[in-house]
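Keeping their order, the protein sequence lines are chains A and B.
Using numbering that gives the first Met the number 0, the first residue of the first sequence is number 0, and each one after it goes up by one.
Using numbering that gives the first Met the number 0, the first residue of the second sequence is number 0, and each one after it goes up by one.
No lab work stands behind these hints, which were simulated from the structure alone.
Just so you know, these numbers come straight off a predicted model, no measurement behind them.
Distance condition first, Cα-Cα at most 25 Å in a straight line; then the derived DMTMM-like pairs of lysine to aspartate or glutamate:
#1 192/B <-> 326/A
#2 208/A <-> 198/A
#3 129/B <-> 186/A
#4 274/A <-> 33/B
#5 254/A <-> 141/A
#6 306/A <-> 280/A
#7 24/B <-> 221/A
#8 208/A <-> 183/A
#9 212/A <-> 97/B
#10 24/B <-> 44/A
#11 34/B <-> 125/A
#12 206/A <-> 97/B
#13 297/A <-> 33/B
#14 168/B <-> 101/B
Given next are the chains, with one letter for each unit.
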Amino acid sequence: MTSIIKALRPLASAAMFYYATLWLVALVVVGTVAQKYFGLQASLEKYFSAWFIQPLDMPLYLPSGRFTMAVILMGLIAKMAFSTKWKIKMIGINITHFGVLVLLLGGVLTAYTSTEGNIAIKEGQESSTFSDFHAVEIAVTDRSPADYDQITTFTDGFFSDEQSFTDAAVPFTFKVNHFFKNCEIVERPSSDYQLPLRDRATKLQLKEKPSDKDDRNLGGVEIVVSGASEDDNGIYLLLNHPQWGSSTIQGKDGKNYALNLRFRHYELPFSIHLKDFEKLDHAGTSMARAYSSKVTVKEGASSYDTKIYMNHPLRSDGYTLYQADFDQRGANETSVFQVVYNKGRYIPYIAVLIVGLGLLIHIIIQIPRLLVATSTRKKSAN
Amino acid sequence: MSIRILLGILATGTAIFITSACKEKGEVHHFRVEKTTQPTPAEEAGDQASQAQPAPQKAPYRWTLPTGWTEKPASGMRLATIIIPQEKGDNLEASITEFGGDLAGNINRWRGQVGLPTLPEAEVLPSLEKIDTQLGPAYIALIINPESTDKAMLAAIIPRPAGTSIFVKVTGSADSLKATATTFRTFTQSLTK
Numbered sequence: 000m001t002s003i004i005k006a007l008r009p010l011a012s013a014a015m016f017y018y019a020t021l022w023l024v025a026l027v028v029v030g031t032v033a034q035k036y037f038g039l040q041a042s043l044e045k046y047f048s049a050w051f052i053q054p055l056d057m058p059l060y061l062p063s064g065r066f067t068m069a070v071i072l073m074g075l076i077a078k079m080a081f082s083t084k085w086k087i088k089m090i091g092i093n094i095t096h097f098g099v100l101v102l103l104l105g106g107v108l109t110a111y112t113s114t115e116g117n118i119a120i121k122e123g124q125e126s127s128t129f130s131d132f133h134a135v136e137i138a139v140t141d142r143s144p145a146d147y148d149q150i151t152t153f154t155d156g157f158f159s160d161e162q163s164f165t166d167a168a169v170p171f172t173f174k175v176n177h178f179f180k181n182c183e184i185v186e187r188p189s190s191d192y193q194l195p196l197r198d199r200a201t202k203l204q205l206k207e208k209p210s211d212k213d214d215r216n217l218g219g220v221e222i223v224v225s226g227a228s229e230d231d232n233g234i235y236l237l238l239n240h241p242q243w244g245s246s247t248i249q250g251k252d253g254k255n256y257a258l259n260l261r262f263r264h265y266e267l268p269f270s271i272h273l274k275d276f277e278k279l280d281h282a283g284t285s286m287a288r289a290y291s292s293k294v295t296v297k298e299g300a301s302s303y304d305t306k307i308y309m310n311h312p313l314r315s316d317g318y319t320l321y322q323a324d325f326d327q328r329g330a331n332e333t334s335v336f337q338v339v340y341n342k343g344r345y346i347p348y349i350a351v352l353i354v355g356l357g358l359l360i361h362i363i364i365q366i367p368r369l370l371v372a373t374s375t376r377k378k379s380a381n
Numbered sequence: 000m001s002i003r004i005l006l007g008i009l010a011t012g013t014a015i016f017i018t019s020a021c022k023e024k025g026e027v028h029h030f031r032v033e034k035t036t037q038p039t040p041a042e043e044a045g046d047q048a049s050q051a052q053p054a055p056q057k058a059p060y061r062w063t064l065p066t067g068w069t070e071k072p073a074s075g076m077r078l079a080t081i082i083i084p085q086e087k088g089d090n091l092e093a094s095i096t097e098f099g100g101d102l103a104g105n106i107n108r109w110r111g112q113v114g115l116p117t118l119p120e121a122e123v124l125p126s127l128e129k130i131d132t133q134l135g136p137a138y139i140a141l142i143i144n145p146e147s148t149d150k151a152m153l154a155a156i157i158p159r160p161a162g163t164s165i166f167v168k169v170t171g172s173a174d175s176l177k178a179t180a181t182t183f184r185t186f187t188q189s190l191t192k
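Next up, chain B with everything else stripped away, as it sits in the complex (with noise of 0.2 Å):
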């Protein structure tokens, strides 16, 4: 066999490896893993090494808790659930989160959830309460209907250098939310890094 017939042998065998090689294909592969018992989310995860890997973080911010108010831990994508207590009724449950979003298209998506109408874009910002933060400035919104009020909406947005935005939010019946909202605010005024 000549040395050119075996150059090209090695020529279609390349040709042929790197053409097959050219889109991964996906793989299916098995393992037996030691039986986990309270499995935190990592370890729901499968996820051998994330277990022997550092906790999660805790919450980015902090804030101060107003007076009879208590807190949940993170959970989800939740960075923590606060719980508002009522004179009458069931207590308000208020969900601190950061996500990224625009602000016109959240307070709008907001709306439609108490079934008021959207808002030209022009027209949101105005319809915003501007309040300062440790953060810098926030946005308060008390989205009510009046023809159903007991689905009201009490949220503060603070927007973020990074692009995302905290959102702190509380449903609850329109007479609530309003009774709470000042004490709303200062928990907002209190969020820092």
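Extracted from the complex, chain A is given alone in its bound form (with noise of 0.2 Å):
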């Protein structure tokens, strides 16, 4: 134990923490230039969200926000444990440091567990799941069943070269040969021809390219079948593209299975009926002054009217939704709702609170101290 001790102490170090920030500021201040150029979430993932950083593709890595996070979560720990006088006038200062703690640690659940995306339901139509902004995923729909399609998803936490996976509900195994964050297709060299392609891999292949600044990427994957019937194993491209479509597979079980990659889709614990949309314009233009939703939002056997509209969001069992976007084109308006869930998102005041009551503390404390002082000078001058 006291080895331990002794190993961490360092990371109570106040040069750390110095450094730490310092280096914070700096990937602050890149992170917040290159947004411009290579787009909001492609800056936020290589800056802020990444453990570590390649600086023009060159072999050496600094690190990240991430990291960088993490030491001064690790330094405020370690100096907690190791540093820190548990006395009654240090009282203030502790709780300011423990709510800092707290922030920190909120930070940790929040980037972790919290989720974004969007929700579009047309008018008289009724829904229960979002997609994600940015994160993919391979949907394979078996549409046998007579009631209903049975669909089985892979997140893209499977996406890397050469990884093979697979499901109980799936009978074949998928392994990735290439997953492209954004891409073009190009036609495929006929060098190409003599390897097991299938479907539009047989002309087209994906080629990367660098994210969009405006983060419209078109994430692709390049992905080899086995284990399905004979004529159906081999190289497929799937694209997260509404257009693309999908590439139908069969089984060793005989039925057809649906693939494609798909914008990750979660499930809410209600669904959102939307009853009507209303726009109102500025007068004379069809600049939208306001836009709001009337919604049911239906629970189990409960359900309950609302309306959603700016600054007044839905919130329920932790999901917030906002009115985000429509589209007036068709014969039913179609209203867009971002949604968030942030297990954390309470924490921030939480912390917030607790700082102000440390320092709150500290400062009553140090008055009797100040007035002493001051005192004491006033006696000396005299």
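Once you've looked at the hints, go ahead and assemble the two chains, each given alone in its own frame, into the complex.
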């Protein structure tokens, strides 16, 4: 135990906290400027969410935001464990440090559990799933059941080159040749024709593109299917584009499975039925002054009506639905809601209250000392 | 239990949590969704949210069909399929697509498909006919293998500012493509946004 404490004690160093904070400031500046050139999402991932960054693809890895925040967090915990004086007169400072610790732990919780996406519903329709803005998944649809379609999804955590994966509900195995966060479609060279190419992969291949600066990335994956019917084993291209459609694969169980890449879907614990979408324009223009959606929220046997509009989101079961967009093309209007789920959403408020309380206590404790010191100075002056 | 031991446990727990979450693991989920009867591409994707989204936009380009030519709607990655009637034999079929890829690479790939050798990159451009269209300059290629005239290719490439190119491509016999070339050129010139 003593050796562990000795090994961890350097983490409590104020110098480490100082340089980590300085590095974080540099990351914030570079990451903010990079947003203009590489897009918001790519910059967030590279400079803040990643553990390390590789500048200009050099063989050099520098700490990114996540690593830097982890150093600061561990440093603060180590300081509280090894360097903090647990005395009454220090209680305010200790509470303040604890508040910052809560804030950082809230950041960890948010980083690993929050989800953001959107849900688009036409008037008269209902939905209980929303799609992620960026993350993608492979969906395998079995249409053989008489009353429903059974969909099995594989999230992008599987999408490392050469990684194989499958599931009991899918009678074949996937192996990822390459996953493209953003790509374009080009014709396949004839030198590839000896490969077991299937469907659109026979003529086309995907080519990596840098992230779109407006975050309009076209995700794609080249994947090898094995264990399906003999004719269907081979290389397929999946593209996250509604017009790309799906590839159909026959499993050895004789059923057909539709395969495609799409934005990751999440189930809501309730469903939303859009009763009416309303848009009010500025007089004499088609510019929206305000828009709102009248919805029915159904959860189990209960349901209630509510209206979602600017600064008046729907909050239910930890999910928040904001009125985000609309589409008035077609006979029925479509309303688009942004969905946010964050388990740590209240933690910043709690942390700020703790920090405030700590500072207040510290000031109150210090007031008698300050008064004594002032009086001593006055006496000395006299 | 002292406060130092409690904080030590907290530090260890945090370190384990952070380390275990270093790499996002793949997850498998199962959904049961309402059955669809006539799947559109979006519905085929099993994409309930997409079903509610606006219909995919039509091709971002317009064109004027020469007399007798007919058009099939967009499918897959084709912006359109154009049917070119022939007096003798089967009708020709032109595809309109928009992809990436460089000019020389595409021309040499097509030459390979009709059994012709690859051209040096510097000779590719002079081998093409350059015409002006409403979308900027276009390059017409009539690729015929004299030793195998039954499988030739007539193609137009219109480079776009975003780095992609519009491809209008017809395959058929050398004679039928030669007979179609003038109308094909007029059709290519009609492409606009």
